[in-house]
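Protein chains in written order, with the numbering used here: chain S, 19 to 132; chain Z, 19 to 132; chain E, 19 to 132.
Hints in this document: simulated from the structure, not taken from any laboratory.
Careful, some of the hints might be misleading.
As the list claims (entries may be wrong) - In silico DMTMM-like pairs for lysine to aspartate or glutamate, Cα to Cα no more than 25 Å straight-line:
1) Z:K106 x S:D90
2) Z:K116 x E:D90
3) E:K116 x E:E72
4) S:K75 x E:E31
5) S:K116 x S:D90
6) Z:K106 x S:D99
7) S:K106 x E:E31
8) S:K106 x E:D24
9) Z:K75 x S:D24
10) Z:K116 x S:D121
11) E:K75 x E:D65
12) Z:K106 x S:E54
13) S:K106 x S:D48
14) E:K106 x E:D48
15) Z:K116 x Z:E72
16) E:K75 x Z:E54
17) Z:K116 x E:D24
18) S:K75 x E:D24
19) S:K106 x S:E31
20) S:K106 x S:D121
21) S:K106 x E:E72
22) S:K116 x Z:E54
23) E:K116 x S:D90
24) E:K106 x E:D121
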Amino acid sequence: MIHRIDAGPRMSEATIHNGIVYLAGQVAEDGGADIEGQTRQVLAAIDALLAQVESDKTRILRAQIFLADIADFPGMNRVWDAWVVPGKAPARATVEAKLARPDWKVEIVVTAAI
Amino acid sequence: MIHRIDAGPRMSEATIHNGIVYLAGQVAEDGGADIEGQTRQVLAAIDALLAQVESDKTRILRAQIFLADIADFPGMNRVWDAWVVPGKAPARATVEAKLARPDWKVEIVVTAAI
Amino acid sequence: MIHRIDAGPRMSEATIHNGIVYLAGQVAEDGGADIEGQTRQVLAAIDALLAQVESDKTRILRAQIFLADIADFPGMNRVWDAWVVPGKAPARATVEAKLARPDWKVEIVVTAAI
Numbered sequence: 019m020i021h022r023i024d025a026g027p028r029m030s031e032a033t034i035h036n037g038i039v040y041l042a043g044q045v046a047e048d049g050g051a052d053i054e055g056q057t058r059q060v061l062a063a064i065d066a067l068l069a070q071v072e073s074d075k076t077r078i079l080r081a082q083i084f085l086a087d088i089a090d091f092p093g094m095n096r097v098w099d100a101w102v103v104p105g106k107a108p109a110r111a112t113v114e115a116k117l118a119r120p121d122w123k124v125e126i127v128v129t130a131a132i
Numbered sequence: 019m020i021h022r023i024d025a026g027p028r029m030s031e032a033t034i035h036n037g038i039v040y041l042a043g044q045v046a047e048d049g050g051a052d053i054e055g056q057t058r059q060v061l062a063a064i065d066a067l068l069a070q071v072e073s074d075k076t077r078i079l080r081a082q083i084f085l086a087d088i089a090d091f092p093g094m095n096r097v098w099d100a101w102v103v104p105g106k107a108p109a110r111a112t113v114e115a116k117l118a119r120p121d122w123k124v125e126i127v128v129t130a131a132i
Numbered sequence: 019m020i021h022r023i024d025a026g027p028r029m030s031e032a033t034i035h036n037g038i039v040y041l042a043g044q045v046a047e048d049g050g051a052d053i054e055g056q057t058r059q060v061l062a063a064i065d066a067l068l069a070q071v072e073s074d075k076t077r078i079l080r081a082q083i084f085l086a087d088i089a090d091f092p093g094m095n096r097v098w099d100a101w102v103v104p105g106k107a108p109a110r111a112t113v114e115a116k117l118a119r120p121d122w123k124v125e126i127v128v129t130a131a132i
């Protein structure tokens with residue numbers, strides 16, 4: 019069985035199978051925000067999606083982070099470090115990649131246990 | 019137990035473990051095709067690999083899409099949107115990244131349930 | 019239950035859940051090494067982390083490889099091909115992406131069965 023959250027015609031915001039939730043890449047609602055603001059919005063979106071499946075940030079297995087400009091690495095990390103729960107941090111990888119909209123600065127793809 | 023499809027000396031086209039199939043990044047056979055043609059070829063390759071493990075596109079959990087030029091986002095989406103089954107779309111993330119061969123325009127990495 | 023290896027304040031080097039280990043993106047310790055040297059260091063780090071959970075390179079399900087310069091594809095492959103066990107190679111995808119430190123040439127993100 020596969021469950022889905024916000025199953026649209028192009029993608030679902032999340033799929034759930036066998037105790038794992040696979041989130042779609044999350045981006046900021048407000049592309050005008052700076053890297054800290056966008057990271058805050060992305061992490062809030064992740065929190066909200068995980069809450070829908072009764073998971074939370076302490077149960078993230080891996081986060082793949084894409085930054086449109088790798089120079090935003092310190093700014094993203096300032097917000098990330100304040101958000102993550104010490105001792106419960108996921109495996110993580112961060113690379114630079116241009117995103118689908120030019121005003122997006124960060125996209126995060128999360129896999130979590132339920 | 020891990021099963022593999024087309025296990026070569028460098029990589030396998032897919033690995034299967036505990037009800038999940040992990041596909042290798044799929045690219046076009048004909049690098050001369052435009053973005054729509056390449057996307058069609060990539061999705062056909064994904065269909066064929068999923069069929070080998072009795073899965074199909076309605077059981078994809080996540081698709082990670084890499085476009086050599088993010089300007090091809092609309093062209094890729096035209097083919098993707100016609101291919102995906104409404105209500106059964108996977109979680110998805112799309113970013114720009116140069117690919118291993120300069121003529122490749124799109125590479126898609128799929129994780130699916132069997 | 020989620021187990022973690024080297025759980026720091028920002029990330030863990032690996033998370034383990036339900037028979038799968040999710041490694042963080044691995045990079046070279048010595049950023050001054052060339053692509054072959056850095057690939058060797060990255061693969062050694064992967065070997066060491068997998069050994070900690072009694073897994074090994076024959077049980078990798080997928081490797082996502084990021085190269086800061088896709089021109090390093092042949093050099094990375096020379097080391098990779100000598101490392102992988104024929105018949106036991108994982109699914110793989112390789113794309114170009116700038117990495118968090120400018121001297122890093124390759125980052126590999128591994129998912130493996132235990």
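Results of checking the hints against the structure:
1. Z:K106 x S:D90: violated (35 Å)
2. Z:K116 x E:D90: Measuring from Cα to Cα gives roughly 12 Å; hence the hint holds.
3. E:K116 x E:E72: violated (32 Å)
4. S:K75 x E:E31: Roughly 16 Å separates the two Cα atoms, so the pair holds.
5. S:K116 x S:D90: Measuring from Cα to Cα gives roughly 13 Å; hence the hint holds.
6. Z:K106 x S:D99: Status violated; Cα separation ~35 Å.
7. S:K106 x E:E31: Holds, at about 11 Å.
8. S:K106 x E:D24: holds (10 Å)
9. Z:K75 x S:D24: Holds. K75 (chain Z) to D24 (chain S) sits at ~18 Å (cutoff 25 Å).
10. Z:K116 x S:D121: holds (20 Å)
11. E:K75 x E:D65: Satisfied, since the Cα-Cα distance of roughly 7 Å is no more than 25 Å.
12. Z:K106 x S:E54: The hint is violated at about 34 Å.
13. S:K106 x S:D48: Since the Cα atoms of K106 (chain S) and D48 (chain S) sit roughly 28 Å apart, the hinted pair is violated (cutoff 25 Å).
14. E:K106 x E:D48: Not OK: K106 (chain E) and D48 (chain E) at ~28 Å, beyond 25 Å, violated.
15. Z:K116 x Z:E72: violated (32 Å)
16. E:K75 x Z:E54: Not satisfied, since the Cα-Cα distance of roughly 36 Å exceeds 25 Å.
17. Z:K116 x E:D24: This hinted pair is violated, its Cα atoms lying about 32 Å apart.
18. S:K75 x E:D24: Cα-Cα ~18 Å, so holds.
19. S:K106 x S:E31: holds (24 Å)
20. S:K106 x S:D121: This hinted pair is violated, its Cα atoms lying about 31 Å apart.
21. S:K106 x E:E72: holds (22 Å)
22. S:K116 x Z:E54: holds (20 Å)
23. E:K116 x S:D90: Given that 25 Å is the threshold and the Cα spacing comes to 12 Å, the pair holds.
24. E:K106 x E:D121: Violated, at about 31 Å.
This entry does not satisfy hints 1, 3, 6, 12, 13, 14, 15, 16, 17, 20 and 24, going by the numbered hints stated previously.
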